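Those sequence lines, one after another, are chains W and E.
Going by this note's numbering, the residue at position 231 of the first sequence is 316; the numbering climbs one at a time, nothing skipped.
Going by this note's numbering, the residue at position 207 of the second sequence is 209; the numbering climbs one at a time, nothing skipped.
Since the hints were made in silico from the structure, they are not lab data.
One or more of the hints may lead you astray.
[Claimed, not checked] So the derived label-pair ranges between C-beta atoms look like this: (1) E:K213 x W:L106: 27 to 37 Å; (2) W:E836 x E:I282: 50 to 60 Å; (3) E:I259 x W:L492: 42 to 52 Å; (4) E:G67 x W:E712: 34 to 44 Å; (5) W:L492 x E:K189: 24 to 34 Å; (6) E:A223 x W:D223: 44 to 54 Å; (7) W:E244 x E:K189: 27 to 37 Å; (8) W:L146 x E:R144: 27 to 37 Å; (9) E:S239 x W:E836: 25 to 35 Å; (10) E:N24 x W:K108: 34 to 44 Å.
[Claimed, not checked] Result set (BS3-like, lysine-lysine): computed pairs, CA atoms no more than 25 Å apart in a straight line: (11) E:K213 x E:K189; (12) E:K189 x W:K759; (13) W:K470 x W:K502; (14) E:K244 x W:K759; (15) W:K829 x E:K270; (16) E:K250 x W:K513.
Note that the coordinates shown come from a computational prediction; the quantities given were computed from them, not determined experimentally.
Beta carbons: idealized from backbone N, C-alpha and C, even for Gly.
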Amino acid sequence: MEELSVVGKSVIRKDALDKVLGKTRYSADIKMPGMLYVKVLRSTVPHALVQKIDVTVAKALAGVAAVLTADDVPGLNGHGIIIKDEPVLVKDKIRKIGDPLAVVAAETEEIAIQALKHIVVELEELPAVFDAVEAMQDDSPKVHGKSNILAVRKIFKGEIDEAFAAADIVVENVYYTQMQEHSYIEPEAGIAYMDGNQVVIKASTQNTHFDCREVARNLGVPQSRIRMIQAPTGGGFGGKLDVSVQIYLALLAMKTRKPVRLVYSREESIIASTKRHPCRIRYRTAADKQGKLLAVDVEAIADTGAYASYGPAPVTRLAVHATGPYEVPNVRIYAYTVYTNNPTAGAMRGFGVPQAAFAYEQQMDMIAERVGISPLAVRMINSLKKGSKMATGQMIPSGPGISSTLLPAYDKAIQTKALAGYEPSVKKRGYGLGCMFFGVGNTGQPNPAGAFLDLLDDGSANLMVGAADIGQGSNTILAQIVAEELGMDFEDVQVTSADTGVTPDGGATSASRQTYISGNATLLAAKEVKQLLLAEAAALFGVAQDKIVLKNRQVMVVGQESKDGISIKQLITVCRSKGKMTLGHGWFNPSTTALDDETGQGEPYEAYSFGSQVVEVEVDTETGVVEVLNLYAAHDVGQAINPLHVQAQIEGGSIMGLGYGLYEDMKKVEGKIKTSSFATYLIPTSLDIPSIQAIIVEDKADTGPFGAKGLGETSLVPTAAAIANAVYDAVGIRIKSLPITPEKVLRALEETR
Amino acid sequence: MSQFIYKKPKQLQEAFSIMKENPAYSIIAGGTDLMVKMKDNRITAKVIIDVSELNDLREIKEKQGTIYLGAAVTHTEICKSELLRGFAPALVHASGLVGSPQIRNRGTVGGNIGNASPAADTIPALMAYGAEIVLASAEGVRSLALEDFFVGPGRTVISPGEVILSIEFNKLQATQAVSFEKLGKRKALAISVVNAAAFLEIDKTKAVVTKARLALGSVAAKPIRVSAAEEALIGYSLSDDKIKEVAKIVSDSITPIDDVRSEALYRKRIAGVLTQRTLIDAWKQLV
Ligand SMILES: Cc1cc2nc3c(=O)[nH]c(=O)nc-3n(C[C@H](O)[C@H](O)[C@H](O)COP(=O)(O)OP(=O)(O)OC[C@H]3O[C@@H](n4cnc5c(N)ncnc54)[C@H](O)[C@@H]3O)c2cc1C
Chain W
86 MEELSVVGKS VIRKDALDKV LGKTRYSADI KMPGMLYVKV LRSTVPHALV QKIDVTVAKA
146 LAGVAAVLTA DDVPGLNGHG IIIKDEPVLV KDKIRKIGDP LAVVAAETEE IAIQALKHIV
206 VELEELPAVF DAVEAMQDDS PKVHGKSNIL AVRKIFKGEI DEAFAAADIV VENVYYTQMQ
266 EHSYIEPEAG IAYMDGNQVV IKASTQNTHF DCREVARNLG VPQSRIRMIQ APTGGGFGGK
326 LDVSVQIYLA LLAMKTRKPV RLVYSREESI IASTKRHPCR IRYRTAADKQ GKLLAVDVEA
386 IADTGAYASY GPAPVTRLAV HATGPYEVPN VRIYAYTVYT NNPTAGAMRG FGVPQAAFAY
446 EQQMDMIAER VGISPLAVRM INSLKKGSKM ATGQMIPSGP GISSTLLPAY DKAIQTKALA
506 GYEPSVKKRG YGLGCMFFGV GNTGQPNPAG AFLDLLDDGS ANLMVGAADI GQGSNTILAQ
566 IVAEELGMDF EDVQVTSADT GVTPDGGATS ASRQTYISGN ATLLAAKEVK QLLLAEAAAL
626 FGVAQDKIVL KNRQVMVVGQ ESKDGISIKQ LITVCRSKGK MTLGHGWFNP STTALDDETG
686 QGEPYEAYSF GSQVVEVEVD TETGVVEVLN LYAAHDVGQA INPLHVQAQI EGGSIMGLGY
746 GLYEDMKKVE GKIKTSSFAT YLIPTSLDIP SIQAIIVEDK ADTGPFGAKG LGETSLVPTA
806 AAIANAVYDA VGIRIKSLPI TPEKVLRALE ETR
Chain E
3 MSQFIYKKPK QLQEAFSIMK ENPAYSIIAG GTDLMVKMKD NRITAKVIID VSELNDLREI
63 KEKQGTIYLG AAVTHTEICK SELLRGFAPA LVHASGLVGS PQIRNRGTVG GNIGNASPAA
123 DTIPALMAYG AEIVLASAEG VRSLALEDFF VGPGRTVISP GEVILSIEFN KLQATQAVSF
183 EKLGKRKALA ISVVNAAAFL EIDKTKAVVT KARLALGSVA AKPIRVSAAE EALIGYSLSD
243 DKIKEVAKIV SDSITPIDDV RSEALYRKRI AGVLTQRTLI DAWKQLV
């Protein structure tokens, strides 16, 4: 293959300089003259019938411009990514603490806060349910309709009962995972104003086109009357896929005809936003004497809280990935998405798979121990690889599976171990492995993205993509793809992203999909422009099109590179002289098939990323404190479009996985969050981060742009599981619930003493 | 946060008169505790008096074997002080474990005490040093043992019109040592689940303990001393058995609570472990 010029290079990201200089204007930094301040009145009880919301006094306060309740929503009073079960403003039933009851716009924030205090809410509290397993019972309080079971994902393959009956080894355990907060650095915020008859909204978001559809439906106006623009976004991790401030802002901008602004405090963000699903996973594995997997039987119950949000989708992804990156001939999976009166769970980096990994990776170690082989060996003999069949019956399309990541990560860990001088004391050390695979894009659903490319007269280009860059770097990656394909410099490509007024739909920045899907769309747009250029150049030089090369802003004939060619700019001038525009567009939708409702069989993803991590921990046997000393993370990304970005994603994801493994726990009592600030909800600080060795592996995907696959989520998936395995290696205790706190470790150690 | 008037007196006397004129005042030093409470309206003072640059509160000095530590000295300054590094290393250690660099740059020892959190890190260390707290008002000064200053979480015996002027304690002798340990849930920005400090004085010839102070935080409504455990040390050398016995006395005599940061039972265990560790460390410094 020809050598790449821009792809594969760690060019400096487009947004870096402004961000480090503090010049980037996030939503909360945008001020407009005459702007009103918005506040939301939220429920403080988890389950109740609303009898009356009286806003007369609040409305009459000096400085209050508008107070809206459910009756003021002109269109559908419902939103939600999969089903519209969440009210914009509650009309009759409160289902969780934090449910919005009214919104106020006022001249100052203080007045808006005062106005909230003058809204009188009369309600009748209802019995509530806070445990997903209880919620599944017939006699439990119902959150919506007649059953709290929102969805069941089933996957059946082979003959499960026979496989268990014939197995030499059966390992069965129940695992619990906690509710995790996204902890993006920027809480939700936005501003909206009228531009003629169009409502313009600028907000922190992961998907402008989805937001636009929601807002238009709620306002009862055509989508074209809403212009949704993504403001620079300080992280999302799945938590900004749901709408937050957008609908309130649009309603109030329409109502008051003034600019309106809403910025959540951290506490409001934590109370109102979605979280990672807490799960109970019952996991049964069968293997033969050699450690070869025969069957897995899994029941996962995920608490989705009061509303569906993305709910069933991460739970489906959990089910599809429940076997781990291993070939299992017989599979039975039931994965339930269950409503409760808890805070809503939705999408979060990893999308159900970290929960599954915490279970399947501990199962693998237990099998290895029962067989008497190493954790490495049990994984190698069971690994999925090109041609092997997953639980859904799909054949893995390419690559060697986990071996290309597991072996380098393992080798690095072993080399370092040999160097480390360590004396066992009350502190004991151990190693743990965690492996994963991850399908790129939405699960068995169409999820296209588009791109527009306009090559300008001077040889620079405007790329317009729907993909929201939420800090992961898609604007940079997509510009690299254009520059590579058209022989331009990276700096020549300007990217406008996530603005429904000018960009095509890019779908969500989630599911590790933008590099792959918007990347492919961008590449197609560039190819369309390239085709125009090649045709012109071929005519100009009198050679066949395949003899033309675009490189270093030059147009050259193959074999005559030393001769003076012409610049791309000159070629564009030739096009213009003939009245030809150099425009391109592209859209891409990965080919997948929907999972069968009854059997879960299907081809849910087009490409799969694999990864492996090895962690070294030290456990203080007197205090139960676990410290991760070293983390070796090898991830297969197909082609690293920008290796520095890849490294940053691997580091960032595994740090989030470390937080998931050791620290983070959204504690709640009767639906009320007890850890609503970063003083009590602990995420790792810079001092808690071990030395991380990121190892980039490139098993190219034929279907990806330049062979690239997704990686945004992958590095979070195996970390907590690897830590759990390392704790076992160090001190011989199995912690089957997350996070692995000192309290749990010490209790387990005392039980074994 | 409600509106307030901000005053920054240059002289202590000026501070006293502002207090007299505005009874609904709050004192601010670094503000790392106060601002948090003001932000969620747990404190709604009309006048905020900034004492962070009053000269009388800014000194660290030694006079005739006594160390004077001004209330408005920051944790970072404590960590950098040659005098304290030499003669109060356990306090330096405790201050160095407070919050993060940003918090240590602003937060003061007087604020740590004035806030009266049961989890405050410098308090057990200072109690182990046998510190006295000096309070000043327009009427004059008074001093009392640090452990007598606290009433409960956020509550002290300070009277209206008084400021914390300084903390005073004796320089350690060659026969004395103090050790401090903290267990938090992460390496920075972690409020102590339990913290503990031990003071030992020994008779070098007999290698036995002649005096002991054991102070713990986050195990009761205020920082405490455990006198039963202290007494059990007197006249003994620090054998493994003795350490275990004393740790058990500490563990058994406290009644901590379950809260969002940890569990009562775990705190009991950790109080024992940190007692052991501080005792061993203090002993090692002496023998
Ligand atoms: C993120 C964060 C992390 C933290 N981590 C820790 C930690 O690890 N360990 C720990 O112990 N603390 C911690 N704290 C608490 C705090 O930083 C310390 O208690 C600090 O020492 C307080 O000092 P200050 O000067 O900021 O106090 P201020 O907030 O200014 O005052 C605190 C209280 O003391 C009173 N006060 C202050 N000075 C005087 C005076 N001279 N006379 C009379 N009253 C006075 C004030 O009126 C107020 O009631 C943390 C705080 C934050 C925000």
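Against the structure, the hints come out as follows:
1. Between E:K213 and W:L106, the C-beta spacing of about 57 Å breaks the proposed range 27 to 37 Å.
2. Between W:E836 and E:I282 the beta carbon distance is about 26 Å. The supplied range of 50 to 60 Å is therefore violated.
3. Taken as a hint, the range 42 to 52 Å holds for the pair E:I259 and W:L492, whose Cβ atoms sit roughly 49 Å apart.
4. At about 41 Å, the CB distance of E:G67 to W:E712 agrees with the hint of 34 to 44 Å.
5. Against the hinted window of 24 to 34 Å, the Cβ-Cβ separation of W:L492 and E:K189 comes to about 32 Å, which satisfies the hint.
6. As the Cβ distance of E:A223 to W:D223 is approximately 46 Å, the hint placing it in 44 to 54 Å holds.
7. W:E244 and E:K189 have their C-beta atoms about 51 Å apart, which leaves the hinted 27 to 37 Å range violated.
8. Checked against the hint of 27 to 37 Å, the C-beta distance between W:L146 and E:R144 comes to roughly 49 Å, which is inconsistent with it.
9. A hinted range of 25 to 35 Å for the beta carbons of E:S239 and W:E836 is consistent with their spacing of about 34 Å.
10. In this structure the supplied range 34 to 44 Å holds for E:N24 paired with W:K108, their Cβ-Cβ distance being about 41 Å.
11. For the suggested pair E:K213 and E:K189, the alpha carbons sit about 32 Å apart, so the restraint of at most 25 Å is broken.
12. Restraint check for E:K189 and W:K759: the C-alpha separation of about 22 Å stays at or below 25 Å, so the hint holds.
13. Of the pairs offered as hints, the one joining W:K470 and W:K502 is violated, with about 29 Å between alpha carbons and a cut-off of 25 Å exceeded.
14. The suggested pairing of E:K244 with W:K759 is violated, with an alpha-carbon distance near 40 Å, which exceeds 25 Å.
15. At roughly 14 Å between alpha-carbon atoms, W:K829 and E:K270 fall within 25 Å of each other, so this suggested pair holds.
16. For the given pair, E:K250 sits about 24 Å from W:K513 by alpha-carbon distance, which is consistent with the 25 Å threshold.
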